[in-house]
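Below, each chain spelled out in residue letters.
Number of protein chains: 2
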Amino acid sequence: MIQPRTLKGFRDYLPGAMMPREELVNTARKVYRSYGFAPIDTPTLEYAEILLGKGSDETDRQMFRFQDQGNRDVGMRFDLTVPLARFAAQHIGTLGTPFKRYHIATVWRGEAPQRGRYREFMQCDFDTIGTKSLVADIETALVIHDLMLAIGFESFTVRVNNRQVLSGLLEKLDLAEKSTEILRALDKLAKIGPEKVAAEMQEAAGASAEQAAQVLKLAEIGGSSDEILSALDKLIAGSEKGETGVGQLRELTQATAAAGVPADRLQIDVSIARGLDYYTGTIFETFLGELPEIGSVCSGGRYNDLASLYTNQELPGIGASLGLDRLLAAMEELGKLEQRTTPAEVFLPYFDAQSLQSYLKIAAQLRGAGFNVELYPEAKKLGQQLKYADRRGFKVAIVAGDRELAENNCQLKDLKSGDSQTVSLANGAAELITAISEILRDSA
Amino acid sequence: MIQPRTLKGFRDYLPGAMMPREELVNTARKVYRSYGFAPIDTPTLEYAEILLGKGSDETDRQMFRFQDQGNRDVGMRFDLTVPLARFAAQHIGTLGTPFKRYHIATVWRGEAPQRGRYREFMQCDFDTIGTKSLVADIETALVIHDLMLAIGFESFTVRVNNRQVLSGLLEKLDLAEKSTEILRALDKLAKIGPEKVAAEMQEAAGASAEQAAQVLKLAEIGGSSDEILSALDKLIAGSEKGETGVGQLRELTQATAAAGVPADRLQIDVSIARGLDYYTGTIFETFLGELPEIGSVCSGGRYNDLASLYTNQELPGIGASLGLDRLLAAMEELGKLEQRTTPAEVFLPYFDAQSLQSYLKIAAQLRGAGFNVELYPEAKKLGQQLKYADRRGFKVAIVAGDRELAENNCQLKDLKSGDSQTVSLANGAAELITAISEILRDSA
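These protein sequence lines are chains V and E, in that order. The C-terminal residue of the first sequence carries number 1313 in our numbering, and the numbering is unbroken. The C-terminal residue of the second sequence carries number 1313 in our numbering, and the numbering is unbroken.
Derived from the structure by calculation, the hints contain no laboratory data. Remember, it's a predicted structure, so these values are computed and weren't measured experimentally. Just so you know, nobody snuck in bad clues.
Intra- or inter-copy, both count: the list cannot distinguish identical chains.
Under the rule of at most 20 angstroms between Cα atoms (straight-line distance), these lysine to aspartate or glutamate pairs were calculated in the EDC-like manner: (1) LYS1110 with ASP1138; (2) LYS1001 with GLU1183; (3) LYS1230 with GLU1300; (4) LYS1001 with GLU1120; (5) LYS1001 with GLU1247; (6) LYS1230 with GLU1120.
Same shape as in the complex, but just chain V (with noise of 0.2 angstroms):
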């Protein structure tokens, strides 16, 4: 006999974690699709040179690499962006630009596996490419914002930043040669503080005091939109980059306040700056008001060239990603999680031997009305079949033995508050359509 394991670093996902993983899929799909995102997917397995040196050392180190049947050098996909980057060069002319997808695909990473982090996990990106104009921007502000509140999230901040205003500030220190070292520096400003970020600038990049002094009197900006946005005026008056980067960033936060979206629900934040190199313009993070220290669960931003390993067309873009896998851990952590192991609402105990057609119909014309109804497939005793449907955390059960029927009726039992109730069957069940739909509203 062989043992059931799963490998190191992967999972199993029982009914309880998949579906609201579905759920966030499904919510995920639909806001991207009311902006006219469209899905694609891309294969698992790419030649391995499609993949390698496209992220880090660590990537390459971390791909799942074989040689196929074929004597193929082949590895899995470690993320969604070099697929897509592949997948542009080759289809753009059959596509057309400006083409806007959706990919919510597995990938793998062999990384060393630690709490909340496995070698198989799901990405969830939207881009737009081939376009440079800001409509994409502040669209996919508004596509994070309705997400956010599509999945049931009603204190949140999407943080927005500009990476031509940073560089604009470098070039005017000239520090722009050391702008790697710089924002990998800054990024870690929340973690280890000011001081820290400062003797790393001038350890890292060489730079002076002063000029710490300047990047991080700029990562320290805070306030309203409107004062931000004076403010970096003043700081970066005379940098090309940095005026275009802070009229990027006033056009993108006036076009979303128009568009509805509330002031504390984006706003600008001078300090984000999102690892290194390929960011050239805006960029978002996302924070969970009530649960903010578990980092950004929503992020991108805009980069200038897709696919130039590929192809000589250039191919700019903005995207974003949702992070599943946290946003799930912050709802379990929020309570926001059903515990729940059974996607339909209705149970249907096998009461009376006797009666399995009038079960079978009763199922039918519950689910013709859009219930989802499970029929336990034995006539075993009423507590056992109740028992298991407190267990999967079923709504309410149907309860109908012989005498029942022979009246056209049922009990309807409400599996929360445990109130029973005598419902006609007649007219295609339609006193017990309402009443069930009823007792879900309440409970909703």
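Mind docking chain E on chain V? Use the hints.
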């Protein structure tokens, strides 16, 4: 520069191919859930020992198998049944029985690529585990029936048989030892005809001409369900196993009829055998009325013991699998697929460069009413924008220049008929929302 290309046998899904695929998966998910099946997922990679020797020599050979970074011998799953067996053995104590799950996921087989066959494809399975009750068989038939209707097929037949009928007959004929060879021959009946099947039964299974004729007599029983059941009663009389099988077929057809399934959509077909040793009771195949030659689009059956390789606990069950690729090919051939590459119905050209905020507001209002809306990101010439809309398959376009916006109205253009109408934007765009709904309803 690296040539952007996919591996042989793998494919990209562009939006036009991905959208119907997503819709089909969503439909399957909805129907499965309506019967209380819950989603699960398992890892792509399993220990090779979990996967090896579970299918055939062929699946072993076709498996993508390699050493991971920790020198573990791992493989990519080639179906969803073997992972389900491992999963059930590992978790059934937590899950409890009966356990109803669906699993919609990608699998990999390194077979020689040929037309319509890929090395990466999706399976879409549902199973009820841990009960021998025929209610689960009946519900499996009902799920398949509801699924075909929900996908949009009116004309189809679920063909049902019971392996015990044939086993009973083979016992009666003293051919029980040779059932594998007999079944293998019988499976070819539709392809090669009765004479060649009889010859193969004699050659491969050592059956006499008379025995082969008896088996073929069974397979050739036709007519209505009642006629078939009467004929089977006679042929099988005296075999306990055979009588059980006929009894189950009778109960299943009566129950599905009572649940509202028309007789032409569920028929007994004693000629279907579904491969070799795995199935032990009810078996299903499903054929499209307009395209039967494409083969079964949803198949499955009952098995005695799912996971005997991984656990001592007996886990009987029944399930079936929707053939997504085959169905999509059929839908394409039958002209049932919409030729669109956008999930949005409404196209909003960025007509007047100064009016971005108005467009963002209109788009938000329409999204709030449930429409999917794409705003073009650049203020290009209107003709160019409308050409883009045409190519993607939007249904309506909203044209609003500065003059229209000043009067708080817009032109609503039906992109199919070419008709335009002037519509007010007052009251949260109420008139526009109604007018779009009407056009979409008429075009559906």
